[in-house]
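Novice: Here's the letter readout for the chains.
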Amino acid sequence: MISLRNVDKSFSKQPVIQSVTLSIEQGEIHGIIGASGAGKSTLLRLMNLLERPDAGIVEFDGTDLTTLPKQKLRNVRQEMGMIFQDFHLVANKTVEQNIAVSLDLAGVKKKDRIARIEECLQFVGLANFSGKYPAELSGGQKQRVAIARALANRPRVLLCDEPTSSLDPSTTSEILRVLQTINQTLGVTIVIVSHEMNVIQSICRRVTIMEDGRIRKTVATEPTGVTEIESDAGWFLTQLTERGETHA
Amino acid sequence: MPEILITYAAEIRLAIGQTFVMVGLSILAAILLGLPLGTLLFLSRKDQLLANRWLFSALNLLVNTIRSFPFLLLVVFLIPFTRLIIGTAIGTAAATVPLAIIAIAHYSRLVEQSLLDVPKGIIEAAVSMGASTRAVVMKFLFVEARSGLVLGLTTSIVSFISYSTIMGVVGGGGIGDFAVRYGYQQFQTELMLYMILIMVILVQMIQFAGTTVARLLDKR
Numbered sequence: 001m002i003s004l005r006n007v008d009k010s011f012s013k014q015p016v017i018q019s020v021t022l023s024i025e026q027g028e029i030h031g032i033i034g035a036s037g038a039g040k041s042t043l044l045r046l047m048n049l050l051e052r053p054d055a056g057i058v059e060f061d062g063t064d065l066t067t068l069p070k071q072k073l074r075n076v077r078q079e080m081g082m083i084f085q086d087f088h089l090v091a092n093k094t095v096e097q098n099i100a101v102s103l104d105l106a107g108v109k110k111k112d113r114i115a116r117i118e119e120c121l122q123f124v125g126l127a128n129f130s131g132k133y134p135a136e137l138s139g140g141q142k143q144r145v146a147i148a149r150a151l152a153n154r155p156r157v158l159l160c161d162e163p164t165s166s167l168d169p170s171t172t173s174e175i176l177r178v179l180q181t182i183n184q185t186l187g188v189t190i191v192i193v194s195h196e197m198n199v200i201q202s203i204c205r206r207v208t209i210m211e212d213g214r215i216r217k218t219v220a221t222e223p224t225g226v227t228e229i230e231s232d233a234g235w236f237l238t239q240l241t242e243r244g245e246t247h248a
Numbered sequence: 001m002p003e004i005l006i007t008y009a010a011e012i013r014l015a016i017g018q019t020f021v022m023v024g025l026s027i028l029a030a031i032l033l034g035l036p037l038g039t040l041l042f043l044s045r046k047d048q049l050l051a052n053r054w055l056f057s058a059l060n061l062l063v064n065t066i067r068s069f070p071f072l073l074l075v076v077f078l079i080p081f082t083r084l085i086i087g088t089a090i091g092t093a094a095a096t097v098p099l100a101i102i103a104i105a106h107y108s109r110l111v112e113q114s115l116l117d118v119p120k121g122i123i124e125a126a127v128s129m130g131a132s133t134r135a136v137v138m139k140f141l142f143v144e145a146r147s148g149l150v151l152g153l154t155t156s157i158v159s160f161i162s163y164s165t166i167m168g169v170v171g172g173g174g175i176g177d178f179a180v181r182y183g184y185q186q187f188q189t190e191l192m193l194y195m196i197l198i199m200v201i202l203v204q205m206i207q208f209a210g211t212t213v214a215r216l217l218d219k220r
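Sequence lines, in order, name chains W and S. Residue numbers in the first sequence follow full-length UniProt numbering, run continuously in steps of one, and reach 248 at the last position. Residue numbers in the second sequence follow full-length UniProt numbering, run continuously in steps of one, and reach 220 at the last position.
The following block holds chain S by itself, in its conformation from the complex (with noise of 0.2 Å):
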């Protein structure tokens, strides 16, 4: 192990420690809203079983506008809100509401292209067995749109571990923070690019683990 590594031991498991607790929270809100919100993006088009232009127009609009903010504004923006639900805008659990919030919006859009992709015969055959549409979205979409459903979240993450990094503007530590204050601030370059190659390592396992799964889910 290298002698920079061993010593900052403590710093850089703190700073791991909260790159995962950000994006494990970001991974959290993206399936528990983003999931949901995709399949009313995609339901309420036109022409599906809850179309609905208004509420289509209001939801497309609404994830456009948030994935167009460049993230750091969209940080600096939300402060107040982030003041209002954690109590404060500083730290770790507060630089996960902004995370969090790009994270629904970001996976809600490949939730609804996955579906997109479901052919739209099985819609129908579901229907026509009589199917609620909580039960075709449960019984048939999700089932048939697994693996691009994995897929999705698998790019979702990788883009959270990069959005992850600019999280010491407030406070909120992780690796990408750590290397800039101890590795580019004190000139320890070696060690920003220790904590490069960390991202590296950890974007790739995440990658491989992601496409592995989608394809032992696939059997189209």
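Pulled out of the complex, with its shape left as it was, chain W reads as follows (with noise of 0.2 Å):
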């Protein structure tokens, strides 16, 4: 569904992403892990273009779209939700304009916008919360307020930046169990940027690791999945000592 062919990213010349070639299949949920700077997030924005590659193709459903016009490239973006860290929702708008908003942008008519924000909001849990500020909420509402925001224009992807790293862990099971019922139930596929092993671990059924900007290896969680993910993490937390030691 999203491909991504020999990609190569650098900022002010330091290499971020280098000769990565990935493939998130339809319908999975895809976990990218590893440690802070293996450009992770970096692998994720180059999805949606928020990144342009420097050298490779980005495919999504067979369309390469370092290549499409403008206005091409925005109506993908619509197939595609994206969820943040820090949620990233408008403070001097409601919930409801909020996702108000995204259908507005997508060209879906003022008077089927309600409608749709209902549904989004009930759908995440937040059914009397259209008239409320994002300050009146806690981190755990404020990403689901961004989650319905992502679904509104029912997208055929969901990318995930570090989705649960604001929250704390019962808030960030809830939400994990948020994005594991889209996946099941709308048949959304996700790709979750995570530095945390329990996260990917949870829902993912393919993880990918980075590291220092490069693939290090992607593993499938089925069917034999978990111990092999195990000595992976295993491997992970040790990189991710060694990487917290040399910076401090």
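Worth flagging that the hints you see were computed from the coordinates, not collected in a lab. What you are looking at is a predicted structure, and each value in this text was computed from that prediction instead of being measured. Just so it is clear, CB atoms sit at the ideal spot from N, CA and C, and this is done for glycine as well. It is possible that some hints are incorrect.
From the derived model, a few chain S residues whose C-beta atoms are all more than 10 Å from chain W [what the hints assert, rightly or not]:
| no. | residue |
| --- | --- |
| 1 | I31 |
| 2 | L62 |
| 3 | F69 |
| 4 | E124 |
| 5 | K139 |
| 6 | S147 |
| 7 | Y182 |
| 8 | Q204 |
Examples of chain W residues lying across from chain S (beta carbon under 7 Å, computed) [stated by the list, open to error]:
| no. | residue |
| --- | --- |
| 9 | F11 |
| 10 | R74 |
| 11 | H88 |
| 12 | V90 |
| 13 | N92 |
| 14 | F123 |
| 15 | L126 |
| 16 | S130 |
Given two chains presented individually in distinct reference frames, assemble the corresponding complex, making use of the accompanying hints.
Specialist: Structure below.
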């Protein structure tokens, strides 16, 4: 569904992604894990071209996004919802208005918006929250609103950039359950970037491990998965500790 | 009502009217041209949506240059330009030209700063939703920055009122000019003090209104 081929990306001559080839299959929940600075967020942002690759191809459903004209690219982005670590809701808009703007951008008519907004809020379990401002919500609720906003245009893919890293453990599992439901009932393909192994382990079917801008390995958690994942998790955690020390 | 104010009632009314015209048109210029200019300054910055080093440097230099002119010299310097677009360099309409130009430069800088206060992630989220640059500005940036934009405009208006007081040099009139000619130059200190009082009250009211509106708009 999404495929990156030999993708390179540098920031001010510092390579962040180096000849990465990766394909995300339709309907899967795909995890991307790695230490900070491994390039996992950049990899995610390359998928909807928030970052443009310096070289290589980014395909969505067989269309090369790097050559698309602006308007077409915007339309493709509406088929790919995205959520973030810090939610990025517009604080001066109510919950309802935050979702409405996404529908507005996709050209959904005003009279059709209300029903869609209610449907989305219902889905994330925030049915009576439409008039509230983000400042009145908890972190978990904000992330649910962000999810509702990302779902409003019925995307086929949901890109999640550290979706639970600002949340406490119990809220984290709530959000992960919501993501899992989205995948199972709506058939939305999900890509999750995280540095938390338990997050990745609990819902992902395949996991890509990043190191220094390269893919170290992509492993399946099904059907034999769990043991293999755990050994790799062990490796990952060692890496994480080592890095922590060198940076400290 | 003090007798001296009654004696000069007609002149005072005229002066207040002139101040309102000059400041009012400056506010209009600030909103219609300063807001887009400030937005462009912001968008052309490094790593922003329309990042363009040359455009940013050019606009930045222009705004800085205008703002660093001592205002009295800007008025004199602009006389040929004013004559070109208004037909005369004298009078209230002519006085509005330099005032509008400083207004645009002044407010554009405050707009840029307000937009810099918007968390960058909001722009990113907007782009990920398929927003065009225009939509990012109108539906996200201006919404999130709105109380800063109002406070900035309030600060600007107070400055415009201050700038407007020297417009007597090109026959622009206004409260400041009246205070100098009738109060100071004719040794009617009392009259001058009343004019200062009017200015103080005016500024208080504007600041109060601006702060209130900004507070009501701020849901962050």
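Novice: A separate judgement is required for each hint: does it hold in the structure or not?
Specialist: Checked hints:
1. I31: holds, 19 Å
2. L62: Label holds. Min Cβ-Cβ 28 Å, cutoff 10 Å.
3. F69: holds, 36 Å
4. E124: For S/E124, whose nearest Cβ neighbour in chain W is about 6 Å away, the distance does not exceed 10 Å, so it is violated.
5. K139: S/K139 is in fact no farther than 10 Å from some Cβ atom of chain W, at 5 Å.
6. S147: violated, 8 Å
7. Y182: holds, 47 Å
8. Q204: holds, 27 Å
9. F11: violated, 10 Å
10. R74: holds, 4 Å
11. H88: holds, 4 Å
12. V90: holds, 6 Å
13. N92: Nearest chain S Cβ about 5 Å off; hint holds.
14. F123: Status violated, d = 18 Å.
15. L126: Violated: closest Cβ of chain S sits about 18 Å from W/L126, beyond 7 Å.
16. S130: violated, 14 Å
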